[in-house]
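2 protein chains.
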Amino acid sequence: MLNLSTLDQQTLLPGTKGLALTQPLQQKDIAQQHWNVLNADTSFPVAVLKQSALQHNLQWMKKFCDSMQVVLAPHGKTTMSPQLFDMQLKNGAWGITLATVNQALVAHRFGVRRVLLANQLISRSDTQAVLALMQADPAFEFFALTDSLDGVQRMAEQVQAAGLDRPLPLLVELGFVGGRTGCRNRDEALAVARAIHQSPYLQLAGIEGYEGLLVGKHRDQDLIAVRAFINDLITLTQQADNEGLFAGEQILLSAGGSAYFDLVGRGFEQTMQLSRPVTAILRSGCYVTHDHGFYHHLLQEMQTRESVVKADNLRPALEVWSIVQSRPEPDLAILMMGKRDASYDIDLPFPVKTHRPGDKSQPCDLPAGCKIEKMNDQHAYLRLPRDSAICASLQVGDLVACGISHPCTTFDKWPVILVVDDDYQVQSAVNTFF
Amino acid sequence: MLNLSTLDQQTLLPGTKGLALTQPLQQKDIAQQHWNVLNADTSFPVAVLKQSALQHNLQWMKKFCDSMQVVLAPHGKTTMSPQLFDMQLKNGAWGITLATVNQALVAHRFGVRRVLLANQLISRSDTQAVLALMQADPAFEFFALTDSLDGVQRMAEQVQAAGLDRPLPLLVELGFVGGRTGCRNRDEALAVARAIHQSPYLQLAGIEGYEGLLVGKHRDQDLIAVRAFINDLITLTQQADNEGLFAGEQILLSAGGSAYFDLVGRGFEQTMQLSRPVTAILRSGCYVTHDHGFYHHLLQEMQTRESVVKADNLRPALEVWSIVQSRPEPDLAILMMGKRDASYDIDLPFPVKTHRPGDKSQPCDLPAGCKIEKMNDQHAYLRLPRDSAICASLQVGDLVACGISHPCTTFDKWPVILVVDDDYQVQSAVNTFF
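Protein chains in written order, with the UniProt record's numbering: chain A, 1 to 434; chain B, 1 to 434.
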């Protein structure tokens, strides 16, 4: 669906992270190298995506959205990978959500036809760049957010200055006190919606909110707050429609990060009497790879409240494999992996498996108590349980696989990520553009 | 000195972070765009390097090394930028230190002729890649570390298997209890040195240590530990030389991160009676851009103990400029800048200046009390002092400049970084390869 041929045909040079190249290699020839991570044919560290888990997650989310009658505009900032965008679009995604104009330009370059910018157009140069793209490509659908009268005025002026031949479609962002962007109440949001309606350069396309920041210490309270916020979004949509503020054939109603998208889906099932059809859009991005930490726990919670999730769950697809460089103290192993290679913002990586290159067996699970206790830029400190078998056996040159917490901050460390089968045989690669 | 023409001639595409491109642009034509950050001609966020501070820091370090009679192999993992490597080599750097084989391959691709790998060669594929390069390019000087007999044996086998026509030069790494890699005492290190000496495939080129991890809560104790560690390195060098273990025309003696390089330099001044000349090598990497946080404080401390530093100090060269997207609550501004754009591992970014695009005046310093209190992937939460003038005046579309703490984790977020003059006029760009 997307134009990926430039990626297949690109030449990967020696020095590309994760690959151990001595000669330039066309990316499309990766499978023919017959690399296997377990045989240490790659460089270390190396980030891998497990093909079977990816496919599972793509289908899982399609089924989830179908069952809730919502569409998906997955947040592309998670991966910034055209190949993954392509898989998501082929699996029925309505469009791709993005965070910055430059991310939108990357997506457009590879053929994404519909972008929801989950941010505002503020800077003059960025705004001009995206308006120029819309003017040059009438088939490119682009939606942005706004949360202030100032913002509406800036955008109207810039659309006028650019001479765009159609109004710019906007979603008003509703937020909450203590949150990030977004009007702090429905009255403010309605005032912004009216200002959009009144401008010939703008068009009110929908209402948007982001409930994913409501992750506090008391989940019961979080859930109450999320449900109340979703109800607020629905009430705001109804109010704006009662005033006849929406333009376009349908009304977009969007929320949903990767933590509570079940509550968003259930909330959006409420019957609304509106003047035109509603397209309810989830924007979850992390589902595609899932993780071993932050989202793993949130999805386990989701399993307790949602039957669609209970039957089956997302699977972690992203791992970073490293190699033991040193065993300098009895219960310490130093790995070739650091802040340059794996997420460290919510949790440090989780060591899950080990393997000795050349062994014919499958990787062993690491026992509980193995822990990455620190990372420097290029090193990780793996602490092993004293007197454990692994403490006695792990040696220099052994491989250690880590799961990660929060995929967004691992993706941005890898221009090329290898896609592997269940035996860690390298099948292909995906690229990222950060 | 390096081959940078491919970088000058490369085409930057729309979507490149920091640039607001509507058309492809050859990198060499950046200056002719007459972009000024203060005029909001770039995209936001944008990372900039201040040319005058860079030049100052390069000359400062040259003077420092000359005064201490040490050479510099700056750690290239900080920037991974060929243009900055080029500036460092033109300023007299002895070589470039790197952390991984892939980093070394990148450096070699751009023409770096001497690499000190501040790590071990462990993985088979990575080792084969670097040995192939040494075999193909006899003029390429490459040194690696080792801290174990296992490691020595692995390397000897791999050099033998690769058929390298010369022995691989190694430095034995001395560490300390509670540290990272490195032999935990001189006896272990001497055993490793002897094993290298006995292998026909290896050559003992020197002794190495890294004191930069000794940053604890009590600086007085840190300084005592650093001085003792430097003395240990010197004693080990003397012992290895007494046993006739070194090969080559000189003995390399290397330590020195970016925190205590004055103590390393002073320590290395000690007279040693050795069989051949000693080359004392600092590996500091962060000096080239310095920072507004972690290293700023460490260099302020260095000023209290070292006259060379007292007279003049390093200057922060790296800033990330962002734009106010929303003022959703009275003392809160949401910036277009997040974990994708600026370091967050030691400190969150420091908001230092603000500017309203179009204003003819210089940027204003932000008052004390302005603080980035949180970052998401793509957003920063700037808290403003209540009742301050800036709290009343800062508006959507205003620019905010942030200093950073720990340059390594900002460089890795920017494939292209703009170089600006003191008026924030864009002069050129440097590239990074992570």
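No lab work stands behind these hints: they were computed from the structure. A hint or two may mislead.
Which copy is meant is left open, because identical chains are indistinguishable; a pair holds if it fits in one copy or across any two.
[Said to hold, decoys possible] In silico lysine-lysine, DSS-like type, Cα no more than 30 Å apart, as pairs:
hint, residue 1, residue 2
1, LYS90, LYS371
2, LYS360, LYS63
3, LYS374, LYS217
4, LYS217, LYS371
5, LYS63, LYS371
6, LYS63, LYS310
7, LYS62, LYS90
8, LYS90, LYS374
9, LYS374, LYS62
10, LYS50, LYS63
11, LYS360, LYS62
Tested hints:
{"no.": "1", "hint": "LYS90 with LYS371", "verdict": "neither (38 Å within a copy, 43 Å between copies)"}
{"no.": "2", "hint": "LYS360 with LYS63", "verdict": "neither (37 Å within a copy, 56 Å between copies)"}
{"no.": "3", "hint": "LYS374 with LYS217", "verdict": "both (24 Å within a copy, 17 Å between copies)"}
{"no.": "4", "hint": "LYS217 with LYS371", "verdict": "both (24 Å within a copy, 24 Å between copies)"}
{"no.": "5", "hint": "LYS63 with LYS371", "verdict": "neither (36 Å within a copy, 44 Å between copies)"}
{"no.": "6", "hint": "LYS63 with LYS310", "verdict": "within (13 Å within a copy, 66 Å between copies)"}
{"no.": "7", "hint": "LYS62 with LYS90", "verdict": "within (10 Å within a copy, 56 Å between copies)"}
{"no.": "8", "hint": "LYS90 with LYS374", "verdict": "neither (40 Å within a copy, 36 Å between copies)"}
{"no.": "9", "hint": "LYS374 with LYS62", "verdict": "neither (38 Å within a copy, 33 Å between copies)"}
{"no.": "10", "hint": "LYS50 with LYS63", "verdict": "within (20 Å within a copy, 51 Å between copies)"}
{"no.": "11", "hint": "LYS360 with LYS62", "verdict": "neither (37 Å within a copy, 53 Å between copies)"}
Hints 1, 2, 5, 8, 9, 11, counting from the list given before, are not met by this structure.
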